[in-house]
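Q: For reference, the chains in residue letters:
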Amino acid sequence: MSTLAACFKGQVGDFRLDIEFSIPAQGVTALFGPSGCGKTTLLRCIAGLTRLPDGSLSLNGDIWQHGRTFVPTHKRPIGYVFQEPGLFAHLNVINNLTYGMRRAGIAGRDTQDLEELTRLMGINHLLERRVQALSGGEKQRVAIARALLMKPRILLMDEPLSALDQDNKNEIMPYLEQLHAQLEIPVLYVTHDRREVERLADRILLLRNGALLAQGEIGEIMTRPDLPFASAQDAVTVLDGKVLHFDARYGLSTLQIDGGSLEVPDTLGPTGVYKRLRIAATDVSLALNLDHSSSILNRLPAVIWKILPTGGPSLNVLLRVGNMGEGNALLASVTRKSVETMDLRTGQQVYAQIKGASLLGSQTTSKPRTQHMTPTTGHG
Amino acid sequence: MTEAILLTLKLATLTTLILLLIGTPLAWWLARNRSWWKEIINALVALPLVLPPTVLGFYLLLVMSPQSTFGVFLKQTFGVTLPFTFEGLVVGSVIYSLPFVVQPIRNAFEALGSAPMEVAATLRASPLDRFLSVALPLARPGFLSGAVLGFAHTVGEFGVVLMIGGNLPGETKVLSIAIYDHVESLEWTQAHILSGGMLAGSFLLILAMMLIEKRWGRLNG
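If you read the sequences in order, they're chains A and B. Quick note: the first sequence uses the UniProt record's numbering, first residue 1, plus one each step. Quick note: the second sequence uses the UniProt record's numbering, first residue 1, plus one each step.
Hint data in this document are derived by calculation from the structure and do not stem from the laboratory. Be careful, since some hints might not be right.
Partial list, computed: chain B residues near chain A (C-beta under 7 Å) [unchecked claim]:
1) 119
2) 121
3) 122
4) 125
5) 126
6) 138
In this text the structure is predicted, and so the values were computed from the model without any measurement. All C-beta atoms in this analysis are idealised placements derived from N, C-alpha and C, irrespective of residue type, glycine included.
Next comes chain A alone, as it looks inside the complex:
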């Protein structure tokens, strides 16, 4: 498997970076952490825009930095999307798009790639416009297309949405999700916005004060009891489900997850496709018995793994789905009062009740990303 291996230790200004990792170069990896934790510096080091003397970096075995070797930015097969779109003001949209292509030795403006990508990004009607005439969201879409048209071997994105207002963010997100589903190349995505991580990332590198705090698959990181995500008041579970079948009579799709299955309104795509589910902890309640008297569709047997304080009146109960707790982790938000009256304890068997409406899959993933996905028969 192709790998991105990096080791950067050293001072950048008044900031110290001490990071070493090796990740599979596929899918979207979020570099996540609060402002000033070194995410952008790390991305700049990977691009060669910032040079740390003792760093080393390689992609699929090609060394970009090691000892005295330092491949300058313009010779690295990267695509880089900056926080500000950075379109060249003296060029129109099409000339911005072809600027990198021509230098990467890829044929000019009438190629099929250009045609397809501009359509995918919804900018094909803007090609002859001056860049000053574009909205913030359109500019960033042009910048993303410009980077991708060079056919880079890795796409680096530095908070591409943070300079946009909410409307522009909402406008551009579906395009990013489309890209996520269709891109063949690995993406490193810097962000401090957890919602972007939930929607886009397959894997997280969690940074704190210039160091790597944790790394792993998104589903695992969001529910790890030792990390801040699982004990947040707005905690969510992110998991991947495989579409098993669609029930046309009720308009419900059945999704298989690790340790059970879920019914979700709407058609989610053909059988066998993986969909990402985002389940807010506040949309999950607990029952001690299987209660068929409520309108809640999805009830999964689960085992309490850990009860996490959130700092508020509610606690987050970390569950493992399945009769024996063998399946996916799942977070439920339960008031402290309920925890006491129900006498919830670690190791206890409960039923997790998930409001069906909260299970809207946000996007398609063409390939299974969790390696430990095992076929099980549905319980719910």
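Using the hints, position chain B against chain A.
A: Only chain B this time, still in chain A's reference frame:
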């Protein structure tokens, strides 16, 4: 009279072209360099802004004179004598007008920031390529200001010319000297024609520059 006008235009055009050639890399270096001694170079470049032209002319005359080491070197190597020649005027004008060309270009380069150059680097442009394809076009308003100011200042210079060029018709007698001559000889009509022409010409030049800048501002804004 026509001779003086043509000579002035020739001097100013040549000076501006030379200044754009040497001013651009100098301005780039001043805009990008972070070392402390850059300020020394910067002060040297800016010196003609505050120095009386006669002082500058006096020192230039000393340096250029056939008796000086530099003068001897020029004579022996290139067979050129600078004082009281057109070539000498060009050299003097280049030094005198240097800050008026370098400053606007430098400001334009500084206003660019590092972002466009970094973007270009991620789009596979080599350092020279990104200078030519990004920095130069984006700094265009600075080049326009620099060229106009350099040209206008060269046309208007008097002190330096008088010191190192004197008053040789067809060789060093530029407009400002010609006007001075006419006034000295009480030839008011000729002085009026030349002065009025300079006034109108300067006004039109500045107006044209502002209109072009405004148009570019609208394009880039």
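Q: Hint check: is the beta carbon of residue 138 of chain B less than 7 Å from a beta carbon of chain A?
A: 6 Å, holds
Q: Does the nearest C-beta of chain A fall within a distance shorter than 7 Å of the C-beta of residue 119 of chain B?
A: At 4 Å from the nearest chain A Cβ, residue 119 of chain B passes the 7 Å test, so the hint holds.
Q: Once the shortest beta carbon distance from residue 122 of chain B to chain A is found, is it less than 7 Å?
A: Interface hint status for residue 122 of chain B: holds (4 Å vs cutoff 7 Å).
Q: Please check whether residue 121 of chain B passes as an interface residue: C-beta within 7 Å of a C-beta belonging to chain A.
A: Hint holds; residue 121 of chain B Cβ to chain A Cβ min 4 Å, cut 7 Å.
Q: Have a go at the residue 126 of chain B hint: is there a Cβ in chain A nearer than 7 Å to its own Cβ?
A: 5 Å, holds
Q: Residue 125 of chain B was flagged as interface toward chain A. Is the shortest Cβ-Cβ separation under 7 Å?
A: 6 Å, holds
Hint compliance for this structure: no hint is broken.
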